[in-house]
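Student: Once you've looked at the hints, dock chain B against the given chain A.
Chains A and B, in that order, give the protein sequences. Heads up, the first sequence is in the numbering used here, so the first residue is 1011 and it goes up one at a time. Heads up, the second sequence is in the numbering used here, so the first residue is 17 and it goes up one at a time.
What the hints contain is simulated information worked out from the structure, not anything from laboratory work. Hints should not be assumed to be uniformly reliable.
[To be verified] As a list, the in silico DMTMM-like pairs of lysine to aspartate or glutamate whose alpha-carbon atoms are at most 25 angstroms apart:
{"hint": "1", "chain 1": "B", "residue 1": "Lys172", "chain 2": "A", "residue 2": "Asp1252"}
{"hint": "2", "chain 1": "B", "residue 1": "Lys39", "chain 2": "A", "residue 2": "Glu1392"}
{"hint": "3", "chain 1": "A", "residue 1": "Lys1548", "chain 2": "A", "residue 2": "Glu1535"}
{"hint": "4", "chain 1": "A", "residue 1": "Lys1344", "chain 2": "A", "residue 2": "Glu1276"}
{"hint": "5", "chain 1": "A", "residue 1": "Lys1548", "chain 2": "A", "residue 2": "Asp1526"}
{"hint": "6", "chain 1": "B", "residue 1": "Lys165", "chain 2": "A", "residue 2": "Glu1392"}
{"hint": "7", "chain 1": "B", "residue 1": "Lys167", "chain 2": "A", "residue 2": "Glu1387"}
{"hint": "8", "chain 1": "B", "residue 1": "Lys144", "chain 2": "A", "residue 2": "Glu1563"}
{"hint": "9", "chain 1": "A", "residue 1": "Lys1393", "chain 2": "B", "residue 2": "Glu163"}
[To be verified] The calculated label-pair distances, taken between Cβ atoms and stated as ranges, are:
{"hint": "10", "chain 1": "B", "residue 1": "Phe66", "chain 2": "A", "residue 2": "Phe1161", "range": "34 to 44 angstroms"}
{"hint": "11", "chain 1": "A", "residue 1": "Tyr1382", "chain 2": "B", "residue 2": "Leu168", "range": "19 to 29 angstroms"}
{"hint": "12", "chain 1": "A", "residue 1": "Ser1557", "chain 2": "B", "residue 2": "Ile186", "range": "52 to 62 angstroms"}
{"hint": "13", "chain 1": "A", "residue 1": "Val1536", "chain 2": "B", "residue 2": "Ile186", "range": "41 to 51 angstroms"}
{"hint": "14", "chain 1": "A", "residue 1": "Ala1178", "chain 2": "B", "residue 2": "Trp91", "range": "29 to 39 angstroms"}
{"hint": "15", "chain 1": "B", "residue 1": "Lys123", "chain 2": "A", "residue 2": "Glu1166", "range": "20 to 30 angstroms"}
{"hint": "16", "chain 1": "B", "residue 1": "Ile174", "chain 2": "A", "residue 2": "Glu1166", "range": "15 to 25 angstroms"}
{"hint": "17", "chain 1": "A", "residue 1": "Ile1022", "chain 2": "B", "residue 2": "Gln127", "range": "45 to 55 angstroms"}
{"hint": "18", "chain 1": "A", "residue 1": "Glu1166", "chain 2": "B", "residue 2": "Leu103", "range": "26 to 36 angstroms"}
{"hint": "19", "chain 1": "B", "residue 1": "Ile170", "chain 2": "A", "residue 2": "Asn1556", "range": "20 to 30 angstroms"}
{"hint": "20", "chain 1": "A", "residue 1": "Ala1178", "chain 2": "B", "residue 2": "Phe66", "range": "44 to 54 angstroms"}
Keep in mind that this is a model prediction, so the values were computed, not measured. Just so you know, even glycine gets a beta-carbon here, dropped at the ideal spot from N, CA and C.
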Amino acid sequence: MVNQLGNYSLYIALLISIFIIIKTSLSFRNSSNVLSGNIFSLISVQSLMVIISFLTLIYAFVTSDFSNETVYNNSHTTKPLFYKISGTWGNHEGSLLLWLLVLTIFLFLFTIDSKNLSQRYRTLTLFFQEIIIFGFLLFILYTSNPFANIFPIPPEGTGLNPILQDPALAIHPPILYLGYVGTSIIFSSALGAIISGSVNKSWASHIKRWVLISWVFLSIGILLGSIWAYYELGWGGFWFWDPVENVSLMPWLCLTALLHTVFTLEKRGTFQSWAIILSITTFSLSMSGTFLVRSGILNSIHTFANDPSRGVFILCFLFVLILISIFIYFFYQKTITVSSTKTFLVSKETAVLVNNLFMMFFLSVVLIGTVYPIFLEVINNEKISIGPPFYHKLIIPFLIPFLFFMAIGPNIKWIKDKMGKINLKDIFIFIISIIISYIFVNKFGVSYLLSLPLFIFSLFLFFVTIRDFFGKNINISQKISHFGFSLLILSILLNGVLAKEHSSNMRVGDEIKFLDKIIQFQNIEVIKKQNYQTLIGKFSIVDKNNSLSLKPEIRIYDQPETITSEADISSTIFADNFLVFNIIKNDGFYNVRYQIKPFMIWIWISVLLISLGGILSLKKKNV
Amino acid sequence: MSKNIKLISIVLFALFSFFILLKGLDKSNIYSPEIKESNVDFNFKAKYLFSEEEVFINELLNNEGMSLINIWASWCSPCRDEHAYLLNLKSLNKLSIIGINYKDDEKNAKQFLSELGNPYTNIITDPKGINSIEFGAFGVPESYLIENKSKLIIQKFIGPLDDKAFAKIINIVQ
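Chain A on its own, in the form it takes in the complex (with noise of 0.2 angstroms):
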């Protein structure tokens, strides 16, 4: 009964969305004010639909009603409270709902938002969203609806991917996901700019907003999702290069680009057809990234749809989007009026052109290493992996001039300024890292590709940023951010360089010498909980001054039948150490792997202040 709710409001949602499509396509010709009361009205009832009909899945998986099918496959009674009402999104059909109402929830507040804007500007893009809305709507109903019944009701679910029931992956997916779907608004905002003509300062100055939060969403969503790679697969690392991974990079790296041309195209009225394609990237690099983890394409963690219909759809889809954009771009490129005024080679707007290309450059890398092996397969037949090695060897040697570029970029004045200005505390500063880093270097031995310049340039772009901490200039916002950008490079270095690993078998009672320290094997522990049995092992660390208890898990969960393994992580502000452990077989033997990371939580801070910086930079009205 309240499944079939759910299902109809989607379809009142779907004629909403084709009736405003219609209205404001009707209305380009006789230029009417559309906007009016009516069609707002229209936006609320059509979100409140897709609120409802997300409320009652969100229902439906709390009151384990196995006559849903979504339901039935990722649920299952013994299932915590918490983790069924993350089942709601951890699936196919229940993500896509959420997508969708995010993608409503936006319209409707962008909506409000743009009050003071241009009736036709508001009007196309309205237009533009709303054809996403119906995109994505006739997708859920046509190949995964999420309000499919099943008959005879079964007793009983399948139970929710174990690996999945993890609080930091509950909120990964909505997070994420606001992220993403900011994108759309910018997409359709951009193609209502360009059409109406009004990429303008002020155009910059409202899109703004919505670029900041989506970049700030994406940021803690991969933050999130790194988090849990990180605690839950027991790989112990934080970024593998993953397809799915570089799919959320993908968004982001075009959404920083994205973000210093807005602040440009407002401060400078430069830039326009930067912002423009960008938007247009942005957008559909998200939608690509639904793409390839919805449709199977990729084999990878994520992909749970495996069903080819659903790929073809969003395909299709996301190729008309771009088709059409493409089209627009270059019809209406004439109404982007250029900018009079002169910049010279020296001046912030070129410190902004320069980060551009190095995102783009990046974008390309990470692009190229995801999408290339799906084609050299088709065309070729032939299967090739792309691994960390291929994105370490073309990423780090631009990386350090990006490093030297952003340590000087924020101080560079708009229009023109000097050459000469470099002073002799840039100077002094770049002297002192470079001889802390020959010193670290050679103290360690590190040796790996152009070490000691990264070293160099991370850390004299680390001082730079905390010495202007103290400067006149009083963006706090941009301080902050590009602070957490530098302690993240610096963290990601120094975890990598300094990270000990000890893998072996063990059984119960077994010590084990590691460096100066003892890894010892006191005893196993067999609790049963909800929805799984647990065995707890007990380790302790001794070294000459202190010993560190840990406990790692296994879980075996029942519903599906599954094995995971929970690592044991104690964390200072030093050092992580990471502790976990494995059955091998029923003889008692146990892999154990330990391993030190430093400087770990650095990196999850220095995430944290980059998204804080967009937060900030949010709350003031004139950046």
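Tutor: For chain B alone, kept in the frame of chain A given last:
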């Protein structure tokens, strides 16, 4: 003019990507947890269904040719559906079919085989289901096509075998 060339080349490139991705969809991959192929551990002992002896799976894979490891149980109804395919595959010379009897009662398992026929070269039991999980199995039925020499999993079939999977196995083996 140059604008048009730009537009056309971008559109052509987009269409090219579209068709490549469209074709790529046919080769959908199924993710299987922890599949580092070289790491698949065949080195566990299990009891034969029809005798009390124990054997390492490794030893069953030591001839030339290929093996199809099929995880099944008498209580699983899709297993019944795929049984005909397995019986047909039995005739392939280069392929040995190894059954892993998953969480099953031995009596029921033997009953199942005498009723429907026995396609397996060897059957081992996995009463607790631990060994199957070590393979990365999701559930029953599931089949893995393995090259004996390299011990590499060539193809995984999750769920019951069907016409498509059947044709694929014959294709690969021959």
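Student: Hint numbers the structure violates, sorted upward?
Tutor: Of the numbered hints, just 19 does not hold.
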